[in-house]
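Student: The primary structure of each chain is shown beneath.
There are 2 protein chains.
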Amino acid sequence: MRISPIHGAPFLSKGLFGAKGNGLMEMARLGIPVPAGFILSKEAFTEGSSALDRDSFQALVRHAMLQLEIETKLGFGQQDFPLIVSVRSGAEVSMPGMMDTFLNIGLTPKTYKGLARRLGESEDALAMTDMMTQLSKTCPWTNDSEDVFEHLWHALDLVKQSWNSARAHAYRTAHGISHQGGTAVVVQAMVFGNLSQHSGTGIVFTRHPLHGTPVLFGEFLPSAQGEALVSGARTPLPLSDVCDRLPLVHSQLKTIAKTLEQHYGDMQEIEFTIQHGTLWILQTRLGKRSAEAGFHIACDLVHEGLATPQSIVRTMEADVFTQCMHPQLVSQVGLEEIGQGLAASPGAASGLLTFDPSSLKDKTNYILLRPETAPEDIPAMMASQGVITLRGGMTSHAAVIMRGMGKPCILSLEAHQWKEDHVCSKHHLLYPGEMITLDGTTGRVFRGQGRVQNATFSSEGLKVLDWADGFRRMKVYANAETPSEITMAQSLGAEGIGLCRTEHMMLSPQSLPVMQEFILASTKEERAKSLEALLPLHQNDLYALLKSAKGQPVTVRLLDPPLHEFLPASQKSALSEVNPMLGHRGCRLGIHFPALYGMQLHALFSSATRLMEEGTRLDLSILIPFIMDPKEFQILKQQIQALKPPSLTCSIGAMIEMPRAALLAGDIAQHADFLSFGTNDLTQMTWGLSRDDYGSFFSDYKALGLQDPFEHIDPIGVGALMTLACERARARSPHIKISVCGEHAGDPKSISFFEDLRIDTISCSPMRIPSARFAAAQAYLEKSPHVLHTASSPFFNVVSS
Amino acid sequence: MRISPIHGAPFLSKGLFGAKGNGLMEMARLGIPVPAGFILSKEAFTEGSSALDRDSFQALVRHAMLQLEIETKLGFGQQDFPLIVSVRSGAEVSMPGMMDTFLNIGLTPKTYKGLARRLGESEDALAMTDMMTQLSKTCPWTNDSEDVFEHLWHALDLVKQSWNSARAHAYRTAHGISHQGGTAVVVQAMVFGNLSQHSGTGIVFTRHPLHGTPVLFGEFLPSAQGEALVSGARTPLPLSDVCDRLPLVHSQLKTIAKTLEQHYGDMQEIEFTIQHGTLWILQTRLGKRSAEAGFHIACDLVHEGLATPQSIVRTMEADVFTQCMHPQLVSQVGLEEIGQGLAASPGAASGLLTFDPSSLKDKTNYILLRPETAPEDIPAMMASQGVITLRGGMTSHAAVIMRGMGKPCILSLEAHQWKEDHVCSKHHLLYPGEMITLDGTTGRVFRGQGRVQNATFSSEGLKVLDWADGFRRMKVYANAETPSEITMAQSLGAEGIGLCRTEHMMLSPQSLPVMQEFILASTKEERAKSLEALLPLHQNDLYALLKSAKGQPVTVRLLDPPLHEFLPASQKSALSEVNPMLGHRGCRLGIHFPALYGMQLHALFSSATRLMEEGTRLDLSILIPFIMDPKEFQILKQQIQALKPPSLTCSIGAMIEMPRAALLAGDIAQHADFLSFGTNDLTQMTWGLSRDDYGSFFSDYKALGLQDPFEHIDPIGVGALMTLACERARARSPHIKISVCGEHAGDPKSISFFEDLRIDTISCSPMRIPSARFAAAQAYLEKSPHVLHTASSPFFNVVSS
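So the protein lines, in turn, are chains D and E. No gaps in the numbering here: position 441 of the first sequence is 441 in this note's numbering, and each next residue is one more. No gaps in the numbering here: position 502 of the second sequence is 1502 in this note's numbering, and each next residue is one more.
There could be a bad hint or two in this list.
[What the hints assert, rightly or not] Distance condition first, Cα-Cα at most 27 Å in a straight line; then the derived BS3-like pairs of lysine-lysine:
| no. | chain 1 | residue 1 | chain 2 | residue 2 |
| --- | --- | --- | --- | --- |
| 1 | E | K1644 | E | K1702 |
| 2 | D | K524 | E | K1254 |
| 3 | E | K1737 | D | K637 |
| 4 | E | K1419 | D | K572 |
| 5 | D | K737 | D | K644 |
Keep in mind the hints are simulated off the structure, nothing from the lab. Since the structure is predicted, the reported quantities are computational estimates derived from the model, not experimental observations.
Construct the complete structure from the given sequences, taking the supplied hints into account.
Tutor: What follows is the structure in structure tokens.
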């Protein structure tokens, strides 16, 4: 164990003293007024008990306390000039609120009067009484003993134990923080803002956290300690109030803010306390900001020379690009919150509640609520403002479709049950026709109409994205089918269409009845007739697709879902399967009904030929879904090649979405031009988890610290198969292109893993493209430490080691 | 290309000349009368066209024909003394009937009269006319030309092409024969049995093929060629007829039979032709025999010193041990065949057809026909004589259950449809109450009552099994739950119970209603009450299980299936899942309802304690199903350890049935005493194939040459994951026990793969135990070439290299 005084030369091994401790030492080094104290390095609290016996540990701490008494000219437990300290955890990675903190250690009935005198307060002043009351509540063990060192040992023990508390453990698991290491502890002399009018506490942001403008912004509570500000119990005053009351302190704060921002190269959020007119800084950290403020600040920082585009891309969170794109609920006035579910697709919307969209024909201002959704609901979902379901998880049908359309969606609305003509929970009944509002960003549902505002990218946001593109290796494509989706995707920076799900085209009002005819046909002749009728419709859809891509690469996937998904519920039974996810779907359909894929290929090639004749450039790929054996790929590749006009070039690829396809990726790669991971299905099969069903029990596993594998790619299971597949494919075909087109391709954490695999292209829903572009750049920078970048040029400079 | 004369010194590279060619050369070497001829090595027919130009090839063949003419003193195409030859394929591994054979090449309108004269026949004798007619039918190209060499080239070309015919390709794929290599070709002078009464053709077995007794057994057709015998167009005479007509030939046959049997060390099936009183041997091969004859012959051969127990175990087919155990249909008299399906569980049975077993209460002589079966049908299946379904594959529910009970079962009865009160195909209607017979060994269904005979092991069969046990490394356990199943399994040689599926216990008439109460309970208290009621029932079942194991190892698996499987169809909806196979099942139930596994453990431990107090020895293991993450195993292991009485020792193991569990087997093995592969589920997830649904389309894949992965383990997909899991598990825990308890554990081909993995224990349904014991021994011998064994002792001798 090591002990470092806050005001002293820091040890070199920075990690040992935690984020908070390092911040304090750094500020002290910069000459900023920080209360005296010392830091116990984290080994004390992980291996302490075994590495250091209790007596030695206490002797070291007593020695540090003695130094602190000398520095502060106060005595710990001393009646007339008592030293009062705080004991705070300080892990290497901040875990706000997860671990214990103890204030006012050293305050006892004996020292209390001395403290009052020292602070120039009456013994029974409100602040004194408050502190004593609170201490006896939060630290009841301080009532038992008059020995203040016992209090200190107790506080240190509890902080140590809180590292292993269930909530801290769950937080670390959820945020991917190591359970090793433990926490450092900061013991610091208390300063008191809860005294005269010349005292107080506040927080200052070095720039405006909502707008990003370069002005000090902050809040201040006179005569209060920090807890009062955090709890929201009292309404704070604006920072200008400090300027009025204590102009010298305000100007000191301004100087400190500038110093810290320049030192850290980013906007800071600084906690301060004023004790009898003296300013003390308690903490500084990266300031939280809105997405738009973040873009503004980033551009300013680069302009001011405090940051570079590269440092911005390395540090900004990719999720902000998704957050700021969706309509947002700007006011909850007049709304009654009636439940919460999974925030499956961000954005906010209001509309009339409906359970059955056919009852609301031609109306578009409705919110669709279903137990779950099916492909036959897609037209209603497209017309709706938003969707709520009572079941399903983050990658369920409803979530995927709504995210694709950029509309809000809330799944598994908790504790609500489906009844004939209403939906009910313990406290709320919901009837069709009611006006409701849903906030897909937070997962909350309200009764009433909320104020919703559309969001767009500012020029600063676009600039930051431009910087990111300069550092990116992976291409970012969109999953899209219709011209409007493609136009939106391209406006958001898509470099191609990585996945066109042709089944979505079969669900149009024109195509669906014909498709149903095909499925229910009992003879080959009837089937041929339906396909003949389907052909011109499919041709039109594919022509529109290829044309709207404007020469960008387009990957068309042949029909994938089980056929009964196209049937209305009443006619499903004939084709129903026990486990449709593992049933007659994907290229199994193509093998069974060669004429079905034949029709699709015919439609595709004739559309392509027409476009070429019209002078449109084409970059076409065909993707074969649900491959389980290289033989399937060979046979269908032959069919494609036999039907392809010789003048057309076209890549042919295999989806890797079955564990077996991953294991045999080498053999498949021998025949394929490219491979595309379908990470949803691969996750389902590797985990034995149905995305339609896992919502009912997976919360058990989250409680155990398991991550939802549909949200972020599972690196050790699914990821291990992907790694193996990439290795085997490249061993057989070194230059084969490999892409990811599952929902994970839009998730920054997963994108970081895909960079490890040197994936060539990621393809996600249009609304997730900006964050995917940014995340891909960030991943590249993170995995490529030798990238150099000059602040003035957003171009690409790689220097390898 | 090489050419070897049949009567000459053979080349050393035996594989090049095919099975048939080698047999002929071997017989010639032994002095057995074989018609003269020569063999073209197989390279001629694979690379021939590229390696050797056509002119050189023909020159070589012409040279060989010249030698043949000299040897036979006949001329090819010569008018007066014409040489007539057969051209036969001869691959390295025999593929009966799959490739082309041409007879009577050299017979033309010109040579025909010469042949007739040569054979002492009139030109228009029946045999001559027949031969000409048949030749012009089977080889119409012989009509076009008078150049007999053109006929020969044509025949050689067709034989070459037939190697790549679709049916030959499919056959090789189905039997795991390499597509490389090609076939050798035998060109041999024809001999004619279709002449005088002193001519004829026949087949002789060196021992009786049905009873195994050491007597010559055979059939003979006077004045006929071999084709007449094979086609069954004429009824043959017994071999004794040859003895009467041609006693010298008969005695010559006896000597040849003895020579060949001694030479090959096993019973032979010999084809012969008698031409004008002269005996010619055309082919010899391993004689086909009934299972019982096989045992008898094996014992005799060892007794006679012609074979050793090791050679018997190496060569006998393991499947015979399953075939001979089931009741067999001994006569089809009075039966009308009405359809065929998958032969899912062997044996034969007759009974009254029923669609709804409740209508036949207390009756047991019925055959149950269902679209498919569900766990709620198990009592009816147990009471039935056999089961037929209209859907499902080899490992579907019905197949697994019926195989477990050793009763016949036919699945996916082809082209039959389910109607309200009858089942129909194009040609047959089936109504409840009809007497029908099913033959689960062949998959055929008949109307009427067939003659069925029970089979048991003869003492010779037991002796052969005993020999096998001496060579076995893997232990063979049974999947069983009830005392009667366990007793049967032990009588068939089970060394333990490798899988007790506790869910089967919950399906008893007493337990099921209580289990249903538990599932449908809405409060924790109601659930606790149901579990309390279930406890004594489960205790009784587990007590009976452990007691009947008589000290053998028992592995009890905690509850595995999704809960709705326990509900009647009418109440399923509340719990129904889209993909139940990947749903809320296995240890997910244990994590969600700790009290459920708690009840099972309580019942198990109290039963075990009672038995220990009664002085019974216990060897208990607990198996946790459906593990997807090491964390699950740790938590449930803690629960088991917390409830386990300290006096009881008990291993705790994890099922590896998810790809992810296989990938993380190292981490799981760190905590587990043993691992057990559930190869059914592992196959479902690795292939993305639902065993309940794949029957509807997998025939497409069989036609492409893919093997059913539920029948034999898939070595490159599922097997690759198993290999990886074994490696990772043993790297972390070198002495961990690894077993297989899926249906594959009863399949000889899969067992051979498990020997490669050095699996410790295989556990299969009781009726498959004898063949599993034998297959395990065979696999061990095959993979361990340095095993030595003395004929006199059935014990284990290993000499490593």
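Student: Give a verdict on every hint.
Tutor: Taking the hints in turn, this is what the structure says about them:
no.	hint	result
1	E:K1644 <-> E:K1702	violated, 49 Å
2	D:K524 <-> E:K1254	violated, 59 Å
3	E:K1737 <-> D:K637	violated, 44 Å
4	E:K1419 <-> D:K572	holds, 17 Å
5	D:K737 <-> D:K644	holds, 21 Å
Checked against the numbered hints above, the structure breaks hints 1, 2, 3 and satisfies the rest.
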